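Colleague: Quick mapping for you: the protein sequence lines, in order, are chains A and B.
Quick note: the first sequence, position 216, residue 216 per the working numbering, numbers continuous.
Whatever position you read off the second sequence (first residue = 1), add 482 for the working numbering.
Among the clues, some could well be false.
[To be verified] 20 Å max Cα-Cα, derived EDC-like pairs, lysine to aspartate or glutamate: (1) A/Lys482 - A/Glu471; (2) A/Lys283 - B/Asp511; (3) A/Lys17 - A/Asp46; (4) B/Lys688 - A/Asp290; (5) A/Lys228 - A/Asp290; (6) B/Lys677 - B/Asp502; (7) B/Lys500 - B/Asp557; (8) B/Lys599 - B/Glu582; (9) A/Lys476 - A/Glu423; (10) A/Lys371 - B/Asp511; (11) B/Lys688 - B/Glu758; (12) A/Lys371 - B/Asp726; (13) A/Lys81 - A/Glu247; (14) B/Lys559 - B/Asp726; (15) A/Lys482 - A/Glu431; (16) B/Lys688 - A/Asp342; (17) A/Lys70 - A/Asp7; (18) B/Lys659 - A/Asp7; (19) A/Lys476 - A/Glu410; (20) B/Lys659 - A/Asp304; (21) B/Lys688 - B/Asp678; (22) A/Lys371 - B/Glu519; (23) A/Lys482 - A/Asp372; (24) B/Lys762 - A/Glu451; (25) A/Lys105 - A/Glu410; (26) A/Lys393 - A/Glu451; (27) B/Lys598 - B/Asp511; (28) A/Lys482 - A/Glu451; (29) B/Lys688 - A/Asp346; (30) B/Lys688 - A/Asp349; (31) A/Lys371 - B/Asp530; (32) A/Lys371 - B/Glu646; (33) A/Lys476 - A/Glu431.
Hints listed in this document are in silico derivations from the structure and should not be mistaken for laboratory results.
Just so you know, these numbers come straight off a predicted model, no measurement behind them.
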Amino acid sequence: MEFFTQDRVPILEALEKMKIARLVPFDVPGHKRGRGNAELTEFLGDKCLSVDVNSMKMLDNLCHPVSVIKEAQELAAEAFKAAHAFFMVGGTTSAVQAMILTACKRGEKIIIPRNVHRSAINAMILCGAVPVYVNPQIDPALGISLGMSLADVRKAIDENPDAKAVFVNNPTYYGICSDIKSIAELAHEHGMMLLADEAHGSHLYFSDKLPAAAMHAGADMAAISMHKSGGSLTQSSILLIGDRVSEGYVHKIINLTQTTSASYLLMVSLDISRRNMALNGAKLVDNIIDMVQYARDEINTIGDYYAYSRELINGDSVYDFDITKLAVFTRSIGLAGIEVYDLLRDEYDIQTEFGDIANILAYVSVGDRLKDIERLVSALSEIRRNYRQTGRKMLKAEYISPIVACPPQEAFYADMESLPIGETAGRICSEFVMCYPPGIPILAPGEIITEEILQYIQYAKKKGCSLTGPESMDIKYLNVMK
Amino acid sequence: MDLWYMEQHTPNVKFSVKVDKQLYSGMSDFQRIDVFESAEFGRILTLDGFLMLTEKDEFIYHEMIVHVPMCVHPDPKKVLVIGGGDGGAVRELLRYPGIEAIDLVEIDEAVVEVSKKYLPGVASGFSDSRVRCHYQDGLKFIRRVEDEYDIIIVDSTDPFGPGEGLFTKEFYGNCFKALHADGIMVNQHESPYYKDDAYAMQRAHKRIVQSFPYSRVYQAHIPTYPSGHWLFGFASKKYHPVRDADWDRWKKLGIKTRYYNTNLHAGAFALPTYVEELLKDVESEC
Chain A
1 MEFFTQDRVP ILEALEKMKI ARLVPFDVPG HKRGRGNAEL TEFLGDKCLS VDVNSMKMLD
61 NLCHPVSVIK EAQELAAEAF KAAHAFFMVG GTTSAVQAMI LTACKRGEKI IIPRNVHRSA
121 INAMILCGAV PVYVNPQIDP ALGISLGMSL ADVRKAIDEN PDAKAVFVNN PTYYGICSDI
181 KSIAELAHEH GMMLLADEAH GSHLYFSDKL PAAAMHAGAD MAAISMHKSG GSLTQSSILL
241 IGDRVSEGYV HKIINLTQTT SASYLLMVSL DISRRNMALN GAKLVDNIID MVQYARDEIN
301 TIGDYYAYSR ELINGDSVYD FDITKLAVFT RSIGLAGIEV YDLLRDEYDI QTEFGDIANI
361 LAYVSVGDRL KDIERLVSAL SEIRRNYRQT GRKMLKAEYI SPIVACPPQE AFYADMESLP
421 IGETAGRICS EFVMCYPPGI PILAPGEIIT EEILQYIQYA KKKGCSLTGP ESMDIKYLNV
481 MK
Chain B
483 MDLWYMEQHT PNVKFSVKVD KQLYSGMSDF QRIDVFESAE FGRILTLDGF LMLTEKDEFI
543 YHEMIVHVPM CVHPDPKKVL VIGGGDGGAV RELLRYPGIE AIDLVEIDEA VVEVSKKYLP
603 GVASGFSDSR VRCHYQDGLK FIRRVEDEYD IIIVDSTDPF GPGEGLFTKE FYGNCFKALH
663 ADGIMVNQHE SPYYKDDAYA MQRAHKRIVQ SFPYSRVYQA HIPTYPSGHW LFGFASKKYH
723 PVRDADWDRW KKLGIKTRYY NTNLHAGAFA LPTYVEELLK DVESEC
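Use the sequences and the hints to build the structure in full.
Modeller: Here's what the structure looks like:
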């Protein structure tokens, strides 16, 4: 067999060959290289449509990779130093889901921080796993949730020796890392798997100036959002596994829910992005680090704002900090993060990743330019000059520790009733409520609704957060267990 | 030999000038810079292929961007020029004896160097002791300045490319902050004619209206710019561009101009109806 090096792009090369072969397509997709949909071709470009094709012999098949996809996945595994890599086309959501479905069967426990993405809790609804939540520490000044403390994880493991896995955010949306290496060792000592949500960490693999990447720290599985910091197309993602996990079993789990018509646009974007990161990643990440550090310094000289960084590190719940993340504390100018987020978009034509109750997050990546950083900084400076407020009563915390009454699956499928949201305090919620982004649930199925949580929801609504989850789209009603 | 410089003014319109020879071509950190020699327009400076100025008609642009605010402000001493690396605006400003200091903020030092070498008639003012050049991003420079200038002249490229940040609300807002309480900002305001230019013009106007109490637009005829019909923005904290202009004071300065005069100054603020409507459309959104 041919030996591939990181400068190769097997899927791209196969698509180029396919184009030259000028096949007559009597297969799907029905737009037939775009000819059947002129409007779409005009909009996306014929280069794009000409490779929106179905799996065929020369292009391999993601459901059962034997040639070019297999080779591309092997190159990805090598680039990330994992035993195996799976290309995922259902977003990192599908990768997180595959991790939990691999680790847990119905009724089995998983130790998991409560500030997980909804995809993790969704996976538990699907497979019936039982969460053992470790409440993340909170930074009281910034109002953001931090990592898990090692002692809290140890306690959870001691109390639940039958748990199958420990789940870690590496890092959180805000860039906060737990001590993943020690947590991995602890998990392995107790025969548990270590799963890592690296939706915000694909770049960690390519720089020695950043926190440890999960697979390098001993994780058994990691879900990598290549489309976030890696530069691939939205919805493309990679699932990495170590050698303690059976490749065949994971593959079977993935195929339970994965499409049989995986998009070659998504897969080739993973292939090309992997090559770019493997060959140029260190340099690209250095560039991001420099830009973000510059932005942070500039923002911190404006006054009042606080763009935080490694000074948050405390050796435990903030074991490390991803310095490519640009989160800015805004409550100090009398504005909620979501209000600054809205002003940036509506008044200054700048779209940031999200605003929460007290912070905004600007996502800086391989595609950013210094002149755009100048705009962001200048706009923040102008927002302070023009919109700063004093003496407003403002909510502090982004995170409220939940009280879990029953496993998510049980609550999700239980008999329920719909109540006006004001009358739900004390009841067990059977659906999600979350601000999106970041998509971390305020309430998950099985959790007790409290006055504090209701107050938070009202406040977030008033400030303009986009609340999602409940069947009642305007969140006037909530479904609760009977 | 038949050598032509060509610029696409819209996807369907090309503007072309016969070129005798190319005098300079280079890639700076920010853009490609070229200088051509032509019979009709003399030397031509282009950035990323877009025509910035020609020796023959640059006087129109530079006179209109400088003398209009200089005639309105009663006593301008300190002026900031953002962009303007060719030196044309600086040259016009230096003709006023009252000017004490000019700060020029140009992102691309190479534009200044090329202009000094190939356009000496335009870039003649750089050696004057009143002029200080700062080679950095205009948006960054202005962020740190407060209550400092009488006049700010935004002599930028188009809103695509390195000049992008100079067409934004955060930039105009920072200019407001950098001006004295009776300060004036004048900016290159694109053209009202072709669709894409008109859209950029409207956006810029909207952002300026949101940032300054007075915002008016005036026009000039520039043969080598798309459609030939070009606009400037006049934004001010206190002075009206026509009512507050002291024509006699300006005339007494005895500055010889080829395009600008005080009658034209007043008339330049009278705009075609369709341009007024374009401006009103965005003013109603503010």
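Colleague: Could you check the structure against the hints above and give me the numbers of any it violates, in ascending order?
Modeller: 4, 6, 7, 8, 12, 18, 19, 22, 23, 24
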